[in-house]
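Chemist: Given chain F, work out where chains D and B should sit, using these hints.
Protein chains in written order, with our numbering: chain F, 1 to 173; chain D, 1 to 492; chain B, 1 to 409.
Source of the hints: derived by calculation from the structure; they are not laboratory data.
Hints may be right or wrong, so weigh each one.
Said to hold, decoys possible - Take a look, some chain B residues computed to stay more than 12 angstroms from chain F by CB distance:
#, residue
1, E52
2, G72
3, D95
4, I130
5, F133
6, I142
7, I169
8, V184
9, L287
10, A290
11, A303
12, D335
13, W368
14, A372
15, A387
What the hints assert, rightly or not - With a cut-off of at most 20 angstroms between alpha-carbon atoms, the simulated SDA-like pairs for lysine to any residue come out as follows:
#, chain 1, residue 1, chain 2, residue 2
16, B, K82, B, R67
17, B, K156, B, R67
18, F, K137, F, E152
19, F, K137, B, A187
20, F, K79, B, R67
21, B, K156, F, M74
22, B, K82, B, F256
23, F, K170, D, F50
24, D, K163, F, E152
Every residue gets a Cβ at the ideal spot worked out from N, C-alpha and C, and that includes glycine.
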Amino acid sequence: MAEAVLFYLFAAGVLAGGSQVVLRRNPIYGAVSLVGCFFFLAGIYVLLSAHLIAILQVLVYAGAVMVLFVFVIMLLNLKEEELGELRFTFWKVVGLVAVLATAAVIAWRALGPAYPSTGPARDNAILLAAEGFGGVKAVGRTLYLAAVLPFELTSLLLLVAIVAAVVVAKGKI
Amino acid sequence: MNFNPGDLYGVLPALLLAAGALVLLTSEVFLRPVEPDRRYQAWVAAAFAFAGLWASLAQLGDPAQPLFAGAAVSDGFAHIVAAVVCAALFLSCIVAFSYLESLRATRGEFYALALFSASGMCLLAQATDLVVIFISLEVMSLAVYALCAYLRRGKRPAEAAFKYFILGSFASAIFLYGAAFAFGASGSTRLADLAATVRSGSATTLVYASAALLAAGFAFKVAAVPFHMWVPDVYDGAPAPVTGFMAAGVKAAAFATLVRILVSGYGEGGRWRGLIVALAYLTMLVGNLLAVPQRSVKRMLAYSSIAHAGYLLVAVAAMGTSAPRADAAGALLFYLASYGATVIGAFAVVAIIERKLALSGLGDDLSSWAGLSEKHPALAAAMSLFMISLAGVPPTAGFMAKLTVFRSAIEADLVPLAIFGVITSVAGLYYYLRVVVYVYMVPEAKADAVQGGRLLSAGLAIAGCALIVLWMGVLPGSFAALAQSGAAVFGR
Amino acid sequence: MQDFIDNLIRSWGHDPAAWPWTQFLYLAFMGAAAFIVVNFAAISAGIFSWAERRVAARMQSRVGPNRVGPFGFLQWVADAVKLLLKEDLVPAEADAVLFRAAPYFMMVGFACVFVCLPFSHKLIVADLNIGIFYILAVTALIVVGIIMSGWSSNSKWSLFGAIRSAAQIISYEIPAGMALMIPVLLAGTLSTQGIIRAQGGWPWQWFIFDNPAAFAAFFIYFISALAEGNRTPFDLPEAESELVSGYNTEYSGMRFSYFFLVEWGNMWVMSAIATTMFLGGWQLPGLSPARFDALTGGVAVIAEIASLALFAFKTLFFVFVVMWLRWTLPRIRVDQMMNMCWKYLVPASFAGALFVAAWMLLVHEAPWLGQAMRFALTAIAAVTVAAFALRTLKNLRDTGDKFDFTSNW
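Chain F extracted, bound-state conformation (with noise of 0.2 angstroms):
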C-alpha cells in the first residue's frame, strides 16, 4: 500500500520533471527539472531495492552531470529575446500527435492484458533478482562478470568521448 503510493507520487514526479524539461523555454527550468526528474528516478529505483543505483543516479547524474549541465548554461546566460517566439508549426503538432499516440499505445498495451506476466521476458527478470539483488555485492558481480564486456567498454567510450571533445575545443587546425 504505502509502496504504491510512494510510486505514483514518484512517477508522477518524474513525468512532470520530464514533461518540464521539454516544455520549458527557458533552459534553466529545463535542467533544473530534469534534476527533480532524476531524484524522483531515484525514488522508484529505492522502490525497486536497487538501492546502490539510487544512490549513483543522484550522486552522478544530479550530482555532477546535470551541475555541468547548468554550468554552460548559466554562462550561456540566454535572455528572453534570444529564446526566439513561441510558435505552433504543423511539426510541432504532427509530433505532438505522435508523442500521444505512442504513449496511448504503450499504456494500452501496458496495462492491458497482452504484457507478458509469462514468457522468457519474466523467467529472465527472476533470473536477474538474485539473492541480494541491489546491493553492492550484486551489482558488482554483474558489473564484473555478466556485463564485463559493455563495462570495460564503457572506459573506451569515455576515452574517445574526451578525446573527441578535445579536438573539438582546440584551436583551428
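Modeler: Just chains D and B now, kept in the frame of chain F:
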C-alpha cells in the same frame, strides 16, 4: 559464470586498434615542443590497422563461439567485417598522410580517433547484446563526429560535424528507445533472448515497436532514406580521407549490426522484411535521383552513398527468408568490401583535388575536375575506374557486387526489388559518367587542380584501391569464397 | 532503528508485523529523528559561528564577541534572532522562484547527510549498507542550491561565485570520493558503522595508520573536504575582496542565514566523516565492538556515553583544525586550486586506491607486515605531533603570549 581471459582473443582486432590509438596518443607526449615531426603517426596507425586486418583474417577459420557470456560473438561474419574495416582504415591512413602533411595539419588525435572508431566498428560487428551494440556504436560515432570537425577551415566542416553530431545523437536515442522496448519484451538485452521471445510470440507490441525503433536507429547510420538528410552536408564538410573512411567503415559496421539485430534478434518471424524492402525502394530511388543535379563531386558521392545503401538493403531484405540467407549475407559482405575499396579510392582522388581548395574553405565543383587527364592521366584513369565501379559496369568490383546482390534478391523472391535496383543503377550511370566526361573531354579551364607534394603515398593508396577494384571485378572467385565462408554462420 | 522500534512494540505485547499502528510508529520515529538531527545541525552550526569568531579573535590577538552571555556564548542566539526578524528581500530582477528555492536545496542536501552520520555505538539514524556513498550523493544537492542561488540572483558577483563554487565542488568531489574508497576497501563495506567496527580503539588500529596510502588518503580527503565546504584556503566562491560575498550576495534575513548554517554545519559533517572513516570513530580503546554489543545495564549506558564523548571529541578537534587553518592560510588562486585538484590530488588518490588494493593482497600473505606498518606509522605520527607541540611550547616560552587575558575576556 566467470570471466574467461581467453575471450579477449576473440576481440583481438578491436584490442589491437585501441592499443594503436593509445600508443599514438601517448607518443605525442614525447614529441619535441617546437616543430614536431609527426610523419611517423600515419605509418604507426597503418601498421596497427594492418595488424588488425591480419588478426581478423587469422581468426577466420576458427569455429564460431560466444564471448563474454554471450555479449559478443566471434564468427566469420564479424571477422570479414572487421577485415573490411581494417583494410579501409589502412588505406585511409595512407591517404590521410599525404592529405594532412600537405596541409600541415597532422596531429596525433587524428589517427588515434580513426583507430578508436575502427575499434568500435570491429566490436559493433561482433556484438550480440544491445548494450554492447550501443556502446560500440557510440565509440565509433563519437570518434567519427570529431574526425568530421577535425579540419575546421571555413564554415562547412563545423556545420557538418554539428549536424552529424545532433542527428547522430538523435538516432542513438531512437536506438536506445528501441533497446528499452526490446528489454521490456524479453527481460534481457541479449539478442538470443530476444529471439526466444519473438519465437514464443509474447509481447508482440513491444517486439514490433522495438524492431521499428532499432531499425530506424541503424537506418540513420547506414544513410537510408528517409534518414539520409545529414549525408550530403557531412560528406561534403568532412576532410576527404575521413569521408572515404566513413563511407566504407561506418557503412560496413552499421550494416553488419543491422543484419545481426534483424536476423539474430528478430530472424525467426522474418516480418521485418517488409520494412527493409520499403526502405530499399525509397533509398535507391531518392539516392539516385538526388545525385543527378549535384555539381560537387563530393556531394554527388554522398548521394551515391545513399543509393548504395539502398542496394545493400536489398541484400538485407533478401536475408529475410531462410533459403538464400547465407548467399545474401555473402553478397552483402562482398558488396561492402567492393564499395569500400571503390569509395576510398574515389575519395583519395577527391582528397588530392580538395587539398588546394581546403585552404580557401571552398567546396569542390565539377569545373575543378575539367581536363584532369591532360596533366595527370593516371589520376584521371583511376577516377574513371572508380566511377565505373560505382556505376556497376563490368569489369569492375561494383558490377560483380551488384550482380550477386540482385541474384540473391531473385532467389529470395524479391524480383520487383531486383528489377527496380537494376533500373536505378542504369539511371545512376548518368551522373557517374559525367565526372568521366569532365575529366577527359572538357578542356582545362583553370590552373592545375593538383597542388604538388606528397603525391606518392596517395598514389600508392589509389593504385591499391584500383587494383582491388579490378581484381574483385575480373577474378572475384577468391573474394567471393572468403565472403561465403564468412556468411556461412547464417546458413541453417 | 527499525529493530529498536520492533523491540519496543514487542515489549508492549504486540506483534510488529500484525499490529496496525506499526507504520505510524515508524513515521513518528522518523519525524522525531529528523527533528532532532536538524536541530542538532542548526544548533551546532550556531555554536560554531560563535566558536569561530572567538578562535579568530584569539589568533589575531583581539577579543571577539564577548557581550551576550558568558564569554559571549549566546551571541549566536542573538544573531539568529536578528536574522529571523530581518526583511527577506528578493531583488527586482531576480528569478523569484529559483531565488526562493535555492536555500532549501542546500538545507535539504545538508540535513540529509545526518541520516548516515554515526554519533556513537548505537546512535545513528539509519545505518544504510551504502552509507558513505549516500553521504557523497546527497552532498551533491548543495551544489545545485549554490548554482541556483548564484544564477537566480541575476548579479555578476553571485554568478561568478556560483560558477567558481560549482567548478570547485565538482572537481574536489573526485579526490574526496576516491580517498574515501580506501577505508571502504580496507573495511569491505560502505556502511559507516561497519567501517568504524572494522577499526579499533587504539590509534594503531585506525585506518589512517593502516598503510602509507591510507595515511595520504586522510589528508587528500581533508583537503578536498575543505574545498568542497568552500573553506579557506579554498574560499574563492565567497572571496570577499573580489566577489563581495559570492553566491549569497543578494540574500538577506533567514535565507541568508541558511547559507551560513550550511557552511558551519558542514564543518561538523566533514570532521565526523574523517573521524568515521580514518580515526576509529566511537571505538573505545580496549573494548572490541563485539564486547561492546554484549554489554548490558548501567555499564552499557556508561560505555555508550563514553563512545559518544570520544566521537564528539575527535570531531570537534577537527572542527577546530578547520577554523585554525582559516585564520592561518591565505586564499589560493583559482588556477592553483584547479591544478592542485587535477594534477596532484586526483592522480594521487587513484594511485592510493591501487596501492591499497595491492597492499591488502600483500598483507593477506604476510600479516606481520601489516602490524609492523601500523606501529611504524603510529610512531611516526606520534613523534611528529610531539615535536610540533614541543616547538610551539618553546616559541611561546621564548616570545611570551602577547594576549591580554585580563580585560574584557
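Chemist: Now tell me if each hint is right for this structure.
Modeler: So, going through the hints one by one against the coordinates:
1. E52: 28 angstroms, holds
2. G72: Correct as stated: the minimum Cβ-Cβ distance to chain F is 38 angstroms, above 12 angstroms.
3. D95: 8 angstroms, violated
4. I130: 5 angstroms, violated
5. F133: Violated, because the least Cβ-Cβ distance between F133(B) and chain F comes to about 5 angstroms, which does not exceed 12 angstroms.
6. I142: 9 angstroms, violated
7. I169: Incorrect as stated: the minimum Cβ-Cβ distance to chain F is 8 angstroms, not above 12 angstroms.
8. V184: 9 angstroms, violated
9. L287: 29 angstroms, holds
10. A290: 23 angstroms, holds
11. A303: 30 angstroms, holds
12. D335: 18 angstroms, holds
13. W368: 30 angstroms, holds
14. A372: A372(B) is indeed farther than 12 angstroms from all Cβ atoms of chain F, at 31 angstroms.
15. A387: 40 angstroms, holds
16. K82(B) to R67(B): 15 angstroms, holds
17. K156(B) to R67(B): 37 angstroms, violated
18. K137(F) to E152(F): Given that 20 angstroms is the threshold and the Cα spacing comes to 18 angstroms, the pair holds.
19. K137(F) to A187(B): 14 angstroms, holds
20. K79(F) to R67(B): 49 angstroms, violated
21. K156(B) to M74(F): 11 angstroms, holds
22. K82(B) to F256(B): 12 angstroms, holds
23. K170(F) to F50(D): Between K170(F) and F50(D) the Cα gap is close to 30 angstroms, so the pair fails against 20 angstroms, i.e. violated.
24. K163(D) to E152(F): Distance ~29 angstroms between K163(D) and E152(F) Cα, so the pair is violated.
Checked against the numbered hints above, the structure breaks hints 3, 4, 5, 6, 7, 8, 17, 20, 23, 24 and satisfies the rest.
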